[in-house]
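Peer 1: Chains as they are written, first to last, in numbering that gives the first Met the number 0: chain W, 0 to 297; chain P, 0 to 648.
The hints are simulated quantities; they were obtained by calculation from the structure and are not laboratory data. Among the clues, some could well be false.
Reference excerpt, derived from the structure (chain W facing chain P, CB under 8 Å, subset only) [stated by the list, open to error]:
#: 1; residue: 228
#: 2; residue: 233
#: 3; residue: 255
Which chain P residues stay away from chain W? Per the calculated CB distances, all over 12 Å, these [claimed, not checked]:
#: 4; residue: 37
#: 5; residue: 264
#: 6; residue: 530
C-beta atoms are modelled at their ideal positions from N, C-alpha and C, and glycine is treated no differently.
As a plain string of letters, each chain reads:
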Amino acid sequence: MSVLLTPRMMDRLTRLDVNPRRAAGGGGAGDRLAGMAGVGSLFREHRPYAPGDDLRYVDWNAYGRLRSLNVKVFEKEENLDALALIDRSASMGEGHGSKLEVALRVVAALGAVGLARGAAARIHAFPDVPGRRVAVRSIYRGRRDIDAFIRTLESVTGGGTEPMGTALRAAFPRVRPRGMAMVLTDFMDPAEGAGGWRRAIDYLVYRRVRVAAVHMVSAEERDPGALGAVRFVDSETGEEVVIDVDEKMRARYRAHFESHIREVRAYLRAKEVRHVVFEAGMTEDDVVRRLLAIGLIK
Amino acid sequence: MRAQRPGFGCLRGLARSPRRAGRLALRFLRPEAVWLLLGALPLLALHLRRLRRRVVPVASIHLWRELAGAGAGRTGFRRLREAGALALLLAALLALTASLAAPVTGAAATRARSLVVILDASVSMNTRDGDATRFESGRAAARQAVARLAADDDVTLWLADGGAWVIAEPTADRGVIARALDGARPTLAPRSLDRALALARRALSLRRVRATLLVISDPGGAASLADEDEIAIAAVGDAAIRNAAVLGVTRTESGVRVHLAQLAGAPGERTLRVTVDGETVAELPAILTAGRESSLDVLVPERVVGASGILEARLVPPDDFVDDDANGLILRSAAPLRVVVTAPGAKVAPFLLEALRAMPSIVDADAALLASPDAAAGVLAAADVVIAEGHLPAALPADRPVLAFLDGPQSVPKPLLWGVGSHPVLDGVNLAPLRLDRALPLTAVASEVVLVDSASGPLAVAGETDGVRRVRLGFRAAASTLPLEPAFPLLVLNALRWLRSGDTLPDAVASEAPIRLSGVLPEQIDSLLMTLGETTTRVSLGPDRADPPAPVPEPGGARLLRLGLPGGASLGTTVVQWRLPRGALDADGEPRPLQAALARLPPPLPPDAPFHRLAPFLAAAAAAFLLLGSFLLSEREPGSRGAGSPSAA
């Protein structure tokens, strides 16, 4: 794997910040809103007093004006703890310019920004590839773990053939309820059945995990060109299909692929999962520019 | 003509024929259509190219499969379909080829269309019936039989002499057959039709071909195959032949003895005519008994017997087989030699003169001239042989044979080495007690044989240079104990005989019998030139220097045999008397006309012969295969449409 981020880019990223809608999954008190009431410094709302409420939170000024007991509710503040679920199946490719490289570069950029801000990050590359096991820590936390985090990402290699839904089962124990996860995949598994990507997304949503999906596509997938009579070989299953890709078939395929992306987006949107698309072959500048553009970092 | 032994290579060639016996009766009228099968090569090439379509790895093919249909990814089924299409196209090509080859079944296809001709080339086929010999008549009969066949029918030619030879392997090329027949010659070997027939049948069984066997022989040969019912036999020539032969001629004291035999038929009125160099010297009635041999002593005038020339004994008039009517031998001159003896001061040693007088049949001692070494060339040229003592005469003619006792300046230590009987000059001579005072070591040239050798070098040599024989002794008789030995006159006698004859060969040799040459050839000579008529062959003597066999003359050909050394020296001339095999000519037998034999050959295929044409059925099958194959190739994948469908690819 090539260098995911150059030192120049690392220096630049440490001056940025992640921009989640809410902090999630960090557990302990932090500097990010947890999106729920709790111990914090940011006032959220008033609610009528109920027996058992801590009298310290009764707003006595309001009582003086309204002659009714109301307690102040504060926004809970937590650290950001995100889990990156990286698809390293054979369809993601391997090496320079592959979808896997760009996916790792996205995770590296986001991780560098978040860790520099004290957030915690975890990595899970799926599916498991015999002989290519990735040595990951259980968690990376803070600026001091940035290098280890990047090195771990650089050690990820591709080649797995297990369907996404099946492969993600191994990661489910590590998914913290109400946590945050980012799935980076090409959604090229057939969406039907237990092994499909829909089942994996459904489970994460069920665990009330806030999921963001990074959809990796390549230029060849969008437009294969007029290849003529060729034999397509599935990189994961080895299955073949012989097709004469002329201009007509090429146009049909392009339309079919765009509809596939729309289908993925529509499904994820229905599950309140954010869907962003990254192209294979993007450089680190392209990745950071894209992350800034879609607002994942600021 | 002996083209090829009927070995396994020949049999392998025979086995290549496509026609098999005992199988479905089927034959092709146009077998050249098989070349159309080469069309399978482009079909296979296209199939392989199709299989090797450019491979493009993709992340997932499910999107493509959704476009192309569910069946597009089923490579196993697709390959099966493509293989099926290829098989159908190949079957279509095969059926089309078979259709164009015009296969037929039925009576026309079941007939044997191979002809095996066994042509008798034994000695009896040399018999002349009218203008042509029987072999020539048999050759014409073979041509006639071949002409009756269809153009694609194959012919095998066997020649049966003492053995059996394939002179034309199975071929439909009539040019090959004609050339083989033109090159075939009769031989002097006895008849062996049974062997040839057995070999031909064995070849046919290996080839698995049902063929017609045609044996062409003379009436005797045809009679020997009377029990063979499955073969066609053609007998050429008259049934009753008469043949008497001169089996050999040998010398007697008063003339020659002629060995005669009536080999076939009843003896007729024959005359034995003896000629020498074409001049008739005797003529007398030949006494012949049917099936018996006899000898006839012929008195020949002494002047003729003593002269040199070629004597021929011939039975006249000629009979059916003229080549054995004559035989002959070489006459060597028996007149006493005229010698000139040279010695310093013309003082010839008396023991030498006494020795010459002791051999009056060899040397006319009374007419011998005594001369000094500086005698005039005219004196020396008048002699048949020059005997020189001391040193050679200065004016010695180059073409005179010489027996020289050369003066030796040095003493020679024992041991002396000699070979008793190894050369005609030393025949019966024992030189063991010989002592020499002085001697002159000689230098032997390539064509000379060393008679007496010593540590200092050869002391006596004999040889022939440029056709002139010379015997040189490196010592004078007076300077040795040689005159005291009983071997001395024998040595001189042998030397003069050898110098006189100019020929080491016998008067006549039998064909294939060894020619005795031992002792007269120099050690370094390993081959001989043997000239029979116009044909010269080089005969290797081999490591054991065995006597070479006399060649077998062609019937009616030359019989004068000349032997020489590779350097050009002549060893002499003789006559080859070829030995006629006893009982070779058997005239008993019924005439078998050629037409009767040819009637057993399969007639040419008539245009309306009852057979079934399979071509229409095969053509229909080819079309069906082609349609099915094309359908499999053009079948569209489910869900695919237009030019972009996988199947259209």
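Peer 1: Compare the structure with each hint and give your call.
Peer 2: Tested hints:
no.	hint	result
1	228	holds (4 Å)
2	233	holds (4 Å)
3	255	holds (6 Å)
4	37	holds (27 Å)
5	264	holds (89 Å)
6	530	holds (79 Å)
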